[in-house]
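Trainee: Chains A and B, in that order, are what the protein sequence lines are. Here this note's numbering is used: the first residue of the first sequence is 1, the next is one more, and so on. Here this note's numbering is used: the first residue of the second sequence is 1, the next is one more, and so on.
It should be emphasised that the hints constitute simulated quantities derived from the structure, not laboratory data. Fair warning: there could be bad hints in the mix.
Said to hold, decoys possible - Subject to a maximum C-alpha distance of 30 Å in a straight line, what follows is the list of computed DSS-like cross-link-like pairs (lysine-lysine):
| no. | chain 1 | residue 1 | chain 2 | residue 2 |
| --- | --- | --- | --- | --- |
| 1 | B | Lys97 | A | Lys24 |
| 2 | B | Lys37 | A | Lys141 |
| 3 | A | Lys24 | A | Lys141 |
| 4 | B | Lys37 | B | Lys117 |
| 5 | B | Lys117 | B | Lys97 |
| 6 | B | Lys97 | A | Lys141 |
Here's the letter readout for the chains.
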Amino acid sequence: MPLDPSFAGRSYPPTASYQVGREKIREFATAIGAADDLHHDPEAARAAGYADVVAPPTFAVVITMAANRQIVDDPELGVDYRRVVHGDQRFEYTRPIVAGDELVSTNTIEEIRSRGGHDFLTMRTDVASASGDLVVTAWSKLVVRGEG
Amino acid sequence: MELPVQTFRVTRADLVRYAGASGDFNPIHWSERFATKVGLPGVIAHGMYTMALVGRAVTAWAGSADAVVDFSVRFSRPVPVPDDDEGTELEVRGVVKGQTEAGLTQIDVTATCRGEKVLSQARALVRRPA
Chain A
1 MPLDPSFAGR SYPPTASYQV GREKIREFAT AIGAADDLHH DPEAARAAGY
51 ADVVAPPTFA VVITMAANRQ IVDDPELGVD YRRVVHGDQR FEYTRPIVAG
101 DELVSTNTIE EIRSRGGHDF LTMRTDVASA SGDLVVTAWS KLVVRGEG
Chain B
1 MELPVQTFRV TRADLVRYAG ASGDFNPIHW SERFATKVGL PGVIAHGMYT
51 MALVGRAVTA WAGSADAVVD FSVRFSRPVP VPDDDEGTEL EVRGVVKGQT
101 EAGLTQIDVT ATCRGEKVLS QARALVRRPA
């Protein structure tokens, strides 16, 4: 059954805060082979003006993908996750994510379209610091493949 | 202006490590049985792993690990990763398209695997190297 386009524009309550750990940033950076000192060495990060190690540009997905479960698991929307593939991804940063950040995500369904028997679901996630300052906005477009 | 080509080797072990670090445990990225059952050619790389490698290429071109301000891709084709020591290889090319009004440098990126484009509309805005 196609996704109901009237869900476009719907926002969800802010998530519980995500505490960005220094070791998590190091683990993620190591997994993608990003060896720069900014990701691993707090001293190097401080010398560059940051409070602690700096996350690589796609690290935000660790937070936003978990936050997006609010939408993907919404029983009223009814996404069949077994049919989902990742279509598009975008990050727009106000500043890099840094270890020690406590980040809250707010999800919005930006667009739902159906074409060629497939559904296209665009989710926007605004990730803000504890003080409410926007750190990064992520857009993820999922393709829910038709059953045909 | 064309930027130096960068290549990245991708093996099954990389996918397992990325799954653990990112929390994306979708079995299409580690189970041949599951991947083929849902119509894929075999185990494929996480799209976000491909994007992360492109992010490495972009930060290397920009000259600093915190340069990326805006980063977007479309996943146009899966990256199959065979279960052997060689895995597969991702080739990343970039072209500087110019400066935005805000003084950011726009880099358009092409990523290919076995001669086929795996991303389309891949683009980054980076702070000018200091």
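Trainee: For the pair supplied as a hint, Lys37/B and Lys117/B, is the alpha-carbon distance within the 30 Å limit?
Mentor: holds (24 Å)
Trainee: Below or equal to 30 Å on CA atoms is what counts here, so check Lys117/B against Lys97/B.
Mentor: holds (19 Å)
Trainee: So if I understand the rule, the pair passes when the alpha-carbon distance is 30 Å or less; does Lys37/B with Lys141/A pass?
Mentor: holds (24 Å)
Trainee: Verify the proposed pairing of Lys97/B with Lys24/A, using a straight-line Cα cut of 30 Å.
Mentor: violated (34 Å)
Trainee: Next pair to validate is Lys97/B with Lys141/A; report whether the Cα-Cα distance is within 30 Å.
Mentor: holds (25 Å)
Trainee: Are Lys24/A and Lys141/A close enough, with their CA atoms no more than 30 Å apart?
Mentor: Satisfied, since the Cα-Cα distance of roughly 25 Å is no more than 30 Å.
The structure fails hint 1 only (numbered hints given earlier).
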